[in-house]
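Chains Z and U supply the protein sequences, listed in that same order.
Read left to right, the first sequence gives residues 1301 to 1735 (the working numbering).
Read left to right, the second sequence gives residues 1301 to 1735 (the working numbering).
These aren't lab readings, by the way, just hints derived from the structure by calculation.
Be aware that one or more of the hints could be misleading.
Identical chains share a label here; the pair holds if one copy fits it or two copies do between them.
Here are the simulated DSSO-like pairs of lysine-lysine, each with C-alpha atoms no more than 27 Å apart in a straight line [unchecked claim]:
no. : residue 1 : residue 2
1   : Lys1664   : Lys1494
2   : Lys1426   : Lys1305
3   : Lys1735   : Lys1570
4   : Lys1663   : Lys1388
5   : Lys1305   : Lys1735
6   : Lys1525   : Lys1570
7   : Lys1607   : Lys1663
8   : Lys1326   : Lys1607
9   : Lys1735   : Lys1388
10  : Lys1494   : Lys1607
11  : Lys1538   : Lys1305
12  : Lys1326   : Lys1735
13  : Lys1388   : Lys1305
Protein chains: 2
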Amino acid sequence: MLENKPRVVVVGAGFGGLEAARNLAKLPVQITLIDRKNHHTFQPLLYQVATAGVSPGEIAAPIRWILRGRSNVEVIMDEVVGFDLNRKTVQLQDLNLPYDYLIVAAGAQHSYFGHDEWEPLAPGLKTVEDALEIRRRVLLAFELAEKEAVAGGPHPTLNFVIIGGGPTGVELAGTLAEIAHRVLQDEFRSIDPKRTRILLLEGGPRILPTYAPDLSESAVRQLQKLGVEVRAPAMVTKIDPGAVWVGEERIPAAVTLWAAGVAASSLGGKLGAPVDRAGRVMVNADLTVPDHPEVFVVGDLATLKDKHGNPLPGVAPVALQEGRYVAKTIAGDLQKSARRNFHYVDKGSLATVGRAAAIAEFKKIHISGYFAWLAWLFVHIFFLIGFRNRVIVLVQWAWSYFTYERGARLITGDTTLPGWPNAKSDSEPEPPLRK
Amino acid sequence: MLENKPRVVVVGAGFGGLEAARNLAKLPVQITLIDRKNHHTFQPLLYQVATAGVSPGEIAAPIRWILRGRSNVEVIMDEVVGFDLNRKTVQLQDLNLPYDYLIVAAGAQHSYFGHDEWEPLAPGLKTVEDALEIRRRVLLAFELAEKEAVAGGPHPTLNFVIIGGGPTGVELAGTLAEIAHRVLQDEFRSIDPKRTRILLLEGGPRILPTYAPDLSESAVRQLQKLGVEVRAPAMVTKIDPGAVWVGEERIPAAVTLWAAGVAASSLGGKLGAPVDRAGRVMVNADLTVPDHPEVFVVGDLATLKDKHGNPLPGVAPVALQEGRYVAKTIAGDLQKSARRNFHYVDKGSLATVGRAAAIAEFKKIHISGYFAWLAWLFVHIFFLIGFRNRVIVLVQWAWSYFTYERGARLITGDTTLPGWPNAKSDSEPEPPLRK
């Protein structure tokens, strides 16, 4: 049981919530951190799980293990269902938790722009479960194609279609190209994985639109070198099992992946504060909601404009700085000092494209290719939680780099895919004999 | 496409089937290896996945990757539905595969002795999916207990009941004790994981009955030192959600695991050959079925007596030697030499009990404790497939040994457990306020 100190409830253990909790732990407060999962996920490397490069346990760590030494922090794995800002409580399924300060860092999830029926056909990449589902579909597609080809007939069409040219779509496309064109060589007898086409479809005029135009162009060239077909603008109008439509054009798709949009957690709408079109809470300059200086919103769930009037991007550095700021602000409150506004310090942006391919933007300095990739690699391994994870991911990475092998190529669970002949129905009583 | 050489179809890529395929690959034959999974699982370390020590990708490798260099081997991920021994075909869902030689190595699965309704209540450990399900339940039990305790009331009863005192049951019990009593310390605020009880229930008179009695006794002592309560004989008569019954005694169980029995794959019964009580095919001295010298059965699906009249145990060394023997026998057939009978060479047995605890039996030499554990460790890492896996598992292991941390403590998927209050039903509209 925690002592009688100010109670801070933190909702969500992503970058923002976890950073807030870690920094608050040094103060004379009692902290309750609530998350639906038992683990913090290092989202920037999730695409490596989806593409079988590393195992989930290497980029995700139990929240209570991360905070194990902090005796004034408790962790509850549960789902928050609502808030009562007047009574100052957070509502769980079976319990109401009172707070003195509330930090809501519930993040974002995929958005299908009103086409929720597309979700089972084109999974997105936000959680460990999502990554495992993408991995399952990608690997299974090659297995089903080989099975089909063993029976004879033409070479199955193997298109992987990735919708959305932001950082996630680019990472997935680049890495899938490496899998199809290099990793799987010599492993199949009836299909040729090199005949796989990787298509990256971006609805807007260029991929990686938050970067400078010259870096977008460099990313396109690097993707093409890896064997990815980039199409922008190419607005997807329909997704069927086994196909994606761009206007009147039907593109057959063995696997379709969604990296086109996110929307804020629905918890944002339960705070009684104004939200933007993507459901993000429009916070005050101290990251609080109107009339509630004790309620903060941080990370992807919040939206705030920088000094130029541009909204801060939904990236880890913003969430981390916001989490740290909120802890500092509460520390200031406890000492009765006046609050200062949040200011984001932009240290530059990095996006990986694939093997030895990346872009980096540090204000006026734009870097592409191998050196950008090295910078990306070291930044990402450095920020991984846990020394053991850093060592293991580095070993995995070095191994994959030199051998073109990927260490986690397991298919688990269901063995059917949308758009493929269902293995369990309508098979004639006497199947054909192999030629 | 494979050339016009004798066709060998191998069903199952466990130790026996994979070893047969690897050795056959050197011969002028064309080999088709069929498995329901895309990966070979190193079953002796599956309990490490179930107890969050290593990730699945570290003890399982894609079958087609293992055999990537062998151009006369093709791998099909599919389920065999039957055989036609007269027409010499293997029946898949949508295709019949003709063969000249057939090797059936479909292995075994859990058996609930006619109580199939126990399966959802007490999962067993045979596949990667099983291991992830056990991991989910074990980790989730602590989370649900903490959640319950946060609301107030008495300390939740946290019993882990493992049914079956064979090698798997012993490994699970020893490792779960380490998790409860050491790994999770300092991580919970409202429960004390040390109050977890680990019960190992064996229906027969002693655990590890295939070992010498003095080693069984040593294993009991080592388990007790790790904090496991061993009960033998304790025959389970009923399993409820949340409880296990031994006769009239009801033992509350937060998680129940099944390690009590296996039965051969149902494919054994489709060969028209005699099977024993556990469904294993009673093979000839050359591992073939009666009247079909071209049809071999190896591994856990076969049963054969040694020179003393005792059935060979269902362990990896038997399957490996059988697989190798069959490849050699087919090689002999191709050169028209007479067949020789299979003879198993027993090189000793090793069973691990937990951290620095194991037993080893090399004929008259019986070893217990640290040195048996070291022997067990090195044998098992040596036989892991893939150099990368060996390095990573060794790093993980050394790390866990010195820090008492386990690297793969992720809960994914469903967040409910049988026997626990279901999070989604009957919660009163106004939950209580935390005290």
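Verification of the supplied hints:
{"no.": "1", "hint": "Lys1664 to Lys1494", "verdict": "neither (39 Å within a copy, 56 Å between copies)"}
{"no.": "2", "hint": "Lys1426 to Lys1305", "verdict": "neither (35 Å within a copy, 49 Å between copies)"}
{"no.": "3", "hint": "Lys1735 to Lys1570", "verdict": "between (63 Å within a copy, 24 Å between copies)"}
{"no.": "4", "hint": "Lys1663 to Lys1388", "verdict": "neither (42 Å within a copy, 70 Å between copies)"}
{"no.": "5", "hint": "Lys1305 to Lys1735", "verdict": "between (77 Å within a copy, 14 Å between copies)"}
{"no.": "6", "hint": "Lys1525 to Lys1570", "verdict": "neither (47 Å within a copy, 52 Å between copies)"}
{"no.": "7", "hint": "Lys1607 to Lys1663", "verdict": "within (15 Å within a copy, 78 Å between copies)"}
{"no.": "8", "hint": "Lys1326 to Lys1607", "verdict": "neither (31 Å within a copy, 70 Å between copies)"}
{"no.": "9", "hint": "Lys1735 to Lys1388", "verdict": "between (72 Å within a copy, 14 Å between copies)"}
{"no.": "10", "hint": "Lys1494 to Lys1607", "verdict": "neither (48 Å within a copy, 53 Å between copies)"}
{"no.": "11", "hint": "Lys1538 to Lys1305", "verdict": "neither (54 Å within a copy, 48 Å between copies)"}
{"no.": "12", "hint": "Lys1326 to Lys1735", "verdict": "between (71 Å within a copy, 24 Å between copies)"}
{"no.": "13", "hint": "Lys1388 to Lys1305", "verdict": "within (15 Å within a copy, 77 Å between copies)"}
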